[in-house]
Structures are given as C-alpha cells and as structure tokens.
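Peer 1: Residues per chain are reported as follows:
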Amino acid sequence: MLTKIKDIFRIDNLPAWYFLTPAILVGVSVLVPLLYLIVRAFDADPDLSMELVFRRRNLELLYNTLLLAVSTLLVGTLLALPMAWITTRTNIPGRKALTLLGVLPLAIPGYVMAYALLGFTGANGTLAQLFGIELPRLSGFTGALTAISLYTYPYLYLNFRSALSGIDPSLEEVSRSMGYRPRAVFFRVILPQLRPAYYAGALIIFLYVLGDFGAVSLMRFETFSYAIYLQYAAAYDRVYAAWLALMLLALTSTALVVEYRLLRGLFFHRIGMGSEKKASMIPLGPWKWPAYIFVTVLVLLSIVLPLSTIIYWMIDAFDPQQLTGLRRALTGSVSASAPAALLATALAIPLAYNGVRHPSRFTRGLERIAYLGYATPPLAFALALIFFTLGSVPILYQTLTLLIVAYALHFLAEAIGPVRSSLYQASPRLEEAARSLGYGRLKAFFLATFPVMRNGLIVSAAFVFMSAMKELPITFLLAPVGYETLAVNVWSYTAEAMFAEAAPYALVILLFSTLFVGLLFAKEWAQR
Amino acid sequence: MNQIHFMNTLLKTTGLTKSFDSPEKVVDDVSFAINRHEIFALLGPSGCGKTTTLRIIAGFEQPDSGEVVLNDRRLVGNKSFVEPEERGIGFVFQDYALFPHLPVIRNVMFGLKNVPRKQREEQALEVLCMMGLREYRDRSPFELSGGQQQRVALARAIAPTPELLLLDEPFSNLDAVLRNSTRSEVRSLLKKAGMSALLVTHDQEEALSFADRIAVMNEGRIEQIGTPEEVYYRPRTRFVAQFLGTTNLITADAIGPSALTEFGRVNLDRPAEGRVTLSIRPEHLTIEKPNRNRDNYLGEVVSKDFKGHDITYRVRIRARECMVHTDNRVNFNAGDHVNIRPLEAAVVLEEPNVHLETAKSPG
Numbered sequence: 094m095l096t097k098i099k100d101i102f103r104i105d106n107l108p109a110w111y112f113l114t115p116a117i118l119v120g121v122s123v124l125v126p127l128l129y130l131i132v133r134a135f136d137a138d139p140d141l142s143m144e145l146v147f148r149r150r151n152l153e154l155l156y157n158t159l160l161l162a163v164s165t166l167l168v169g170t171l172l173a174l175p176m177a178w179i180t181t182r183t184n185i186p187g188r189k190a191l192t193l194l195g196v197l198p199l200a201i202p203g204y205v206m207a208y209a210l211l212g213f214t215g216a217n218g219t220l221a222q223l224f225g226i227e228l229p230r231l232s233g234f235t236g237a238l239t240a241i242s243l244y245t246y247p248y249l250y251l252n253f254r255s256a257l258s259g260i261d262p263s264l265e266e267v268s269r270s271m272g273y274r275p276r277a278v279f280f281r282v283i284l285p286q287l288r289p290a291y292y293a294g295a296l297i298i299f300l301y302v303l304g305d306f307g308a309v310s311l312m313r314f315e316t317f318s319y320a321i322y323l324q325y326a327a328a329y330d331r332v333y334a335a336w337l338a339l340m341l342l343a344l345t346s347t348a349l350v351v352e353y354r355l356l357r358g359l360f361f362h363r364i365g366m367g368s369e370k371k372a373s374m375i376p377l378g379p380w381k382w383p384a385y386i387f388v389t390v391l392v393l394l395s396i397v398l399p400l401s402t403i404i405y406w407m408i409d410a411f412d413p414q415q416l417t418g419l420r421r422a423l424t425g426s427v428s429a430s431a432p433a434a435l436l437a438t439a440l441a442i443p444l445a446y447n448g449v450r451h452p453s454r455f456t457r458g459l460e461r462i463a464y465l466g467y468a469t470p471p472l473a474f475a476l477a478l479i480f481f482t483l484g485s486v487p488i489l490y491q492t493l494t495l496l497i498v499a500y501a502l503h504f505l506a507e508a509i510g511p512v513r514s515s516l517y518q519a520s521p522r523l524e525e526a527a528r529s530l531g532y533g534r535l536k537a538f539f540l541a542t543f544p545v546m547r548n549g550l551i552v553s554a555a556f557v558f559m560s561a562m563k564e565l566p567i568t569f570l571l572a573p574v575g576y577e578t579l580a581v582n583v584w585s586y587t588a589e590a591m592f593a594e595a596a597p598y599a600l601v602i603l604l605f606s607t608l609f610v611g612l613l614f615a616k617e618w619a620q621r
Numbered sequence: 225m226n227q228i229h230f231m232n233t234l235l236k237t238t239g240l241t242k243s244f245d246s247p248e249k250v251v252d253d254v255s256f257a258i259n260r261h262e263i264f265a266l267l268g269p270s271g272c273g274k275t276t277t278l279r280i281i282a283g284f285e286q287p288d289s290g291e292v293v294l295n296d297r298r299l300v301g302n303k304s305f306v307e308p309e310e311r312g313i314g315f316v317f318q319d320y321a322l323f324p325h326l327p328v329i330r331n332v333m334f335g336l337k338n339v340p341r342k343q344r345e346e347q348a349l350e351v352l353c354m355m356g357l358r359e360y361r362d363r364s365p366f367e368l369s370g371g372q373q374q375r376v377a378l379a380r381a382i383a384p385t386p387e388l389l390l391l392d393e394p395f396s397n398l399d400a401v402l403r404n405s406t407r408s409e410v411r412s413l414l415k416k417a418g419m420s421a422l423l424v425t426h427d428q429e430e431a432l433s434f435a436d437r438i439a440v441m442n443e444g445r446i447e448q449i450g451t452p453e454e455v456y457y458r459p460r461t462r463f464v465a466q467f468l469g470t471t472n473l474i475t476a477d478a479i480g481p482s483a484l485t486e487f488g489r490v491n492l493d494r495p496a497e498g499r500v501t502l503s504i505r506p507e508h509l510t511i512e513k514p515n516r517n518r519d520n521y522l523g524e525v526v527s528k529d530f531k532g533h534d535i536t537y538r539v540r541i542r543a544r545e546c547m548v549h550t551d552n553r554v555n556f557n558a559g560d561h562v563n564i565r566p567l568e569a570a571v572v573l574e575e576p577n578v579h580l581e582t583a584k585s586p587g
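Order-wise, the sequence lines are chains A and B.
Residue numbers for the first sequence follow this note's numbering, beginning at 94 and rising by one.
Residue numbers for the second sequence follow this note's numbering, beginning at 225 and rising by one.
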C-alpha cells in the first residue's frame, strides 16, 4: 500500500509521520469543507438547482464582479505604474519617503477606506462640514471602485517597483546603442519585462476583489461576495448561497489557471554574469510639475483623506463611554487572532518543513492546498465551514474555536512564507550534526533547526495575527452570536452611517495594519 | 585475510551502490575496510561519489544495496538500518554546521548527552583545551575565524569519543596557509587520541599528506586503494596516475622487463608484453647533454619553466612532448638538443577502456 503511494507520488524520502500527519490534516480541513459546499448545493431537488444556476441575477452578479475586478485592475495600473516609475527611475526628491507612502495604503483595509469615503462625501460628510463643498455621497460601483483601488494599488506598485529596479540597465543601454529612442525602449524593452510582475500583482488584486466583502457591502454594490452574504444572512436561502459560493470559486479557479498559463515560460532573469549596476536616474525636466501633482494627489486621496476623516469624526463626537465598547471589541479581536496566529504558525512548520526537506509532488501538493485556503474567497470559505460543522461537528458551530481554526486555515499561506525562508537559512547539516551526536530525528529538529527558525516563526505569527485583526467576512459568518471585533464594529456602525461611533475602531485597526505594513517593509528592506 | 588483520578492521563496506533520481549510479559497488587507529582518505574529483559514500556510512543516506559493518555490528545492509544517532560515528561537515544559537562550549557539550550533567562542561572544556580553544568557550560561532570554527566542529565531533570520525572536506573552507598548518595539527591530534578517521577530499596533496591509506574514486567506483606512496608511485590506472599529480602517459611496446619508447628503452615496474600504456612521473625523468655516439633519440627543449628550487622542462622528442622535472642544477634553454633519461622504472597501467575518454594528456 505504502509503496504504491510512493510510486504514484515518486517519493523517495517520506517525511516522518509527525510532520506528515499535521500537513495531511491541514489539507483535509481545507478540502473537506469545500466538498460540503458542493454537497449542500446539490441538496435541493434538480429542478430548483437548475433554476438557481440559470437565474438571470447570476449573470448580473458575474457582470458586476468582473466589471469591478477589471476596473480596479485598470485604475490600479494607472496609479501604480507611474508611481513606480517616478520612485525608481527619476530624480524626484525624497524617493525613499515616497516609496513608503506608496505602500502605506495597504494599512487601510477596504472597508475602512469605504468608511472614510462615505464619511467624507455627502451632505453630512467631512467635506461638506469643513469646506461647505457638497459632493453626492459615493456609493455603488464608483464608490466600491474608488475604495478598493486606493487600498489595493500598492500590491501592483510593490511588484512594479521591484521589477523596475531589477531590470538590467545594460539592456536599455544596448537598445539605445542600437538606435532606439527612450520612448521606444520603454515600450519595447522595459514594458515586456514587467509582465511577470504585473501578472503576479494583478492576480492578487483580482482575487482580492472577488473576495472583498466590506467595501462592496458598505457601498451597496452587488458582487458575488455581497450576494452570498445577503442570501445567507438576510434571505436565509442557504442552498442559493452555496451555489453562489461555488460560482465564485469557479471564477477564482479560472483566475488561477489563467495566471498559471500566462506565467508559464516567463522567466526574465539577468542572463550572464556582468556586474550588476544600478540604472541611471532620469532627470524629470519639464515633467517635474506633472509628477509632483500626480504624487501629491495620490497621497492625498489614499492616505491623508482616510486618516483625516477618521480623526475628524473621532474628535467631532468623542464619547468616553465608547472606550468600554472599544475594549470589548479589542479583546474580542485579540482573543480570536492571537490563538489563530499561534495555530497557523504551528501548522506552517510541518508544511514548510516537508516541502523544503522532503520535496516531492505529494508534499508540494499539500503546500498548495494551504494556498488554496488563502485564495478561496473568505465568504465562500466561511460558508463551507458552516455547512461542514453543521453537517458533521455541530458542536463546533458558532464557537470561538471554529473562528480560530478558520482564521488559521485561511491565513496559513501568510505564515508559510517566512517559516519556509527561515528553514532555507537553517542548513540541513545542522540536523545531521545533531543526529551524528546521538539525537533522534524529532529531537534533532527541535534542538538544531527550531532555534534557528525563531525569527521566521515570530514574523509568521505576527503576519497572521495582524491579518486576522482586520479580517471582516469570516468573522461575520463564523463568530459566535454577539461576538464583537474591531472590524465588525467598524462595518456595523458605518452601515448605519454612524461615522463618529465607527471612528475609534477604525483608528485602532489602522494602528495594527500599519504595524503589519511596517513588518512587511522591514522584511523587504532587510533582504536588500 | 589473516586473523590478526581481521581483528584490526574497524569499518568494512561491501558493495555499496546508490543512485539518486537518474539511473546513473553515484556510488557503484564500493568496498573498502578501515583499520583501527587508521586515517583513511577517499580521494576523487567532485561528483565522484565520495561524499555520498561518507553520508551512507554516517546514515544520512540509505544505499540501494551493499553493507556497512562497524566493529562487527551491521549498520546497514540486508534490510537492517541503524539510525545515525545510534551509530556512534562522529561527523565533521564541510561547512562545519556549528549551531549558531549556542556558544562554543554548548556546541561541544551538545553531543555529551550520555555524560552526567555535572561533568559535561568539564569534559567539553577538556576537549576545547586540547584544541587550544579554551579562551573562546563563551563566544558565539559567528565571532570565530574559519580555522577556529573548524576546530570547534572537530572538538564537537570528537568530544563523545566516537569510534570513527568522518570528515567531509574539512579543510576546503580554509585559506591555503591555514589549511596546511591545521591539517598537520588535526592529524597529530587524531593520532595522539588514537582515533580512526575517514576523510573525503578532492585535494590529492591533502590526501597524500593526511592519510595512512587512500582509496582513489572515479565515477562512483574505487580505482585503487593503497598507502600514499603506493598510489603515487604505482598507480594502477590512467585516472589514478593523472589525478595524483602530473605524469607522462606513454604508449610503448613491452618486451618482458622493459619497453621501447621514444626516448629509448625503459625498465618496467612489472614485466609485460605487447602494447602497453606507461606512466612515468616528470621527476622520474631527467635531461642531459646528448652523447652523439650513444644516443639515437634526440629531443629538443620546447619550454623551460623556472620555479626557483626546481625547473619544469617540456621536451619534444619525435612527435611526443614529455614533461621533465629537474632540480635547478640541470640547466638548459629552449631550443637545446637534449637526451631524456629515466631515473625510475615506468609504471605499467591497467587499461580499462572505459576511462579513455576522461583521460587528459599530460599538462
């Protein structure tokens, strides 16, 4: 039996059972709930299923979702590419600070951005109250697009930036020497090389838009995610919710497959050994003012606006009584996020270890499943877990334990990265040395490798903790009744246009997500 | 094999074979024995399978077939497998693999888990003193030089007094000056402690000066086992002859104890008949002013490479070029006509045709 499995997966060195079992368990816990989604969807009699699948509304949802995703991508590109170009290749002053400002919007989650936009515009908004300018309240497609684009463009920006600074400047010089003008060089040499970075960033944004619930629901723009929520929470039509979740999953899978196809065969490394030199900076010249204006407007919209709106509402109607609520929500967020961070990190260890030390199709497959849990739209994932628990372990339904497990499984992919790179730093020789000195496999791992991985583990736990702190949709569906978290409160108050009440929660979330971005950046800079 | 020799054997490998992903064998039917108190070297170019052999003995890899026996205890073979931690074999890694989170003393104490807790530190300190590392006991491995790290790795490996010490290219990360001194230090340390060791190296000079016996490996197979003198002076194959220093490979016709070459009749190390390949080291040849009456075979000096206390000449004789290594008193210039005279018997090589393509011409 075992040898047959070995043959199928071409395994020479199977990991030890205590590393293999948790990894398989993770795979099962991600896959089985998704199967339940299918089971639940086919629960209804065939006629009803047909009717549900071919509803006209599905087409509208598909159209809305795709429209939002593609538009976000477009706006994101228009913001990120010039910003990346300006901060990597021109002589604009304060490039380092600008780079940071280009990443900082990541600290403002989509629903906080939506909150800020809603609190800023309209008759009651900051703009009207402070300056007497009354803009119609942003909502619907425009509102969702603005909020999500401003929040997600840094993903593209980061990718463009590293791709632009990684391009071998000799290529440009060679093209110039062969008679191409700078503009032609940009379009024929530089842009094509940005493709892998663009696809990678685009996938993240695309998946984010498919999964986003906070911004679209606050802006009342119906995409699949929002519709799932409405069906589940308002209409109590669980079969239709399951079908919508499956359609969303199909859309996600399509995006992943397309990405895989596009990326295949695209490897733009530097070829040859030539000394790696820095690209020369291009003087802005007459483009100086347009560049300044572009950067200023972008920073104003993506950072200053949300921050000042939150602070305005905070000061405007601060009530010390809110502090009790704030403490309760903070406790709620932390007591779900902290255990989830520990659990995710603990699960990431065997997954990463198997993949790094015992690479085979099988271990790679297990690692991929963990990434699947991340790519699955959070509402679909949460719904799948609900069906699963109701169907097989009802005792877990509506418990904190389930919420913690859901966070851990969903954010596991974030934990695997740092654990994996710390494992690469710990040479396998260390464990072999420990074994030649008389320690068994497991002890050798804990005595020789584990201490070296410590920093990676801390980073992993921090990533998951801070992601879980600002998580909204999973919390919504899975948290016990009446369970308050920071994110849920921001959403609930904003949904009822109680901007002042939402402000303190939004501010605390900003604090945590700024830490998150700081960590992300510290890591990136440390690698340089 | 007589009884005494058998008693003396510490480690014996028989027919070790291993291949990884490709069907090509990395280790191919490797058998050798190491005696107690002996320093044994596996010598060969990179990729010849020597490190894999070492890792099989340590238990880090499993052979496809073959057997390893340490002290009459079967470590691997016949479906049995002793885990590395149960083998009592010390290992010094090429990159030392010191635990970065532990200070020097704790690194050395790491393997002393069977020693009562109180005595561990004392015992580790003893080994450190022997290595001249006493004052570095509380340093972190990062704060040590390459040579010091190397000695800590060695101290850590020998502290639990293993029966056999395996060393994987332990000197290759040291610079040339440090390498020579560390090598002789380590050798005398091992000898003083009466330890048996197996060294893996691609450096022929290192193998020759460090080991009591050498096994020369090529493409997964052992080509020759012998003392440094044996493998150097009497290489069995073309590969061994060329890998251990430079040599002149000459095809000649043998008639009993001698053979006829371009530069005349040379004595052979063993009688042979017919077409043979001979190896003759450059330092076993000398050149002299030709005597018109006696010498028919005239050579011409092509180049002269003066290196201070010795000189390397390239001499063309008929269609062949020979390398001749002389001391600095033999003085000729390019273009001079000379006569080549062998000082030692030439070595008759075995010709397994398989290795012809990898053999390179001398120089």
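Check each hint, because a few of them may be wrong.
Stated by the list, open to error - The following residues of chain B were derived to be distant from chain A, with all beta-carbon distances above 10 Å:
{"no.": "1", "residue": "His-261"}
{"no.": "2", "residue": "Pro-269"}
{"no.": "3", "residue": "Ile-313"}
{"no.": "4", "residue": "Phe-334"}
{"no.": "5", "residue": "Leu-484"}
{"no.": "6", "residue": "Ala-543"}
What the hints assert, rightly or not - With beta-carbon atoms standing in for the labels, derived distance ranges:
{"no.": "7", "chain 1": "B", "residue 1": "Asp-245", "chain 2": "A", "residue 2": "Arg-547", "range": "53 to 59 Å"}
{"no.": "8", "chain 1": "B", "residue 1": "Ser-246", "chain 2": "A", "residue 2": "Pro-521", "range": "42 to 48 Å"}
{"no.": "9", "chain 1": "A", "residue 1": "Ile-117", "chain 2": "B", "residue 2": "Ser-246", "range": "26 to 32 Å"}
{"no.": "10", "chain 1": "B", "residue 1": "Arg-358", "chain 2": "A", "residue 2": "Val-125", "range": "57 to 63 Å"}
{"no.": "11", "chain 1": "A", "residue 1": "Phe-280", "chain 2": "B", "residue 2": "Gly-271", "range": "45 to 51 Å"}
Hints in this document: simulated from the structure, not taken from any laboratory.
All C-beta atoms, glycine included, are put in the ideal place defined by N, C-alpha and C.
Peer 1: Where does the structure disagree with the numbered hints, that is, which hint numbers, in rising order?
Peer 2: Violated hints: 3, 4, 7 and 8; rest satisfied.
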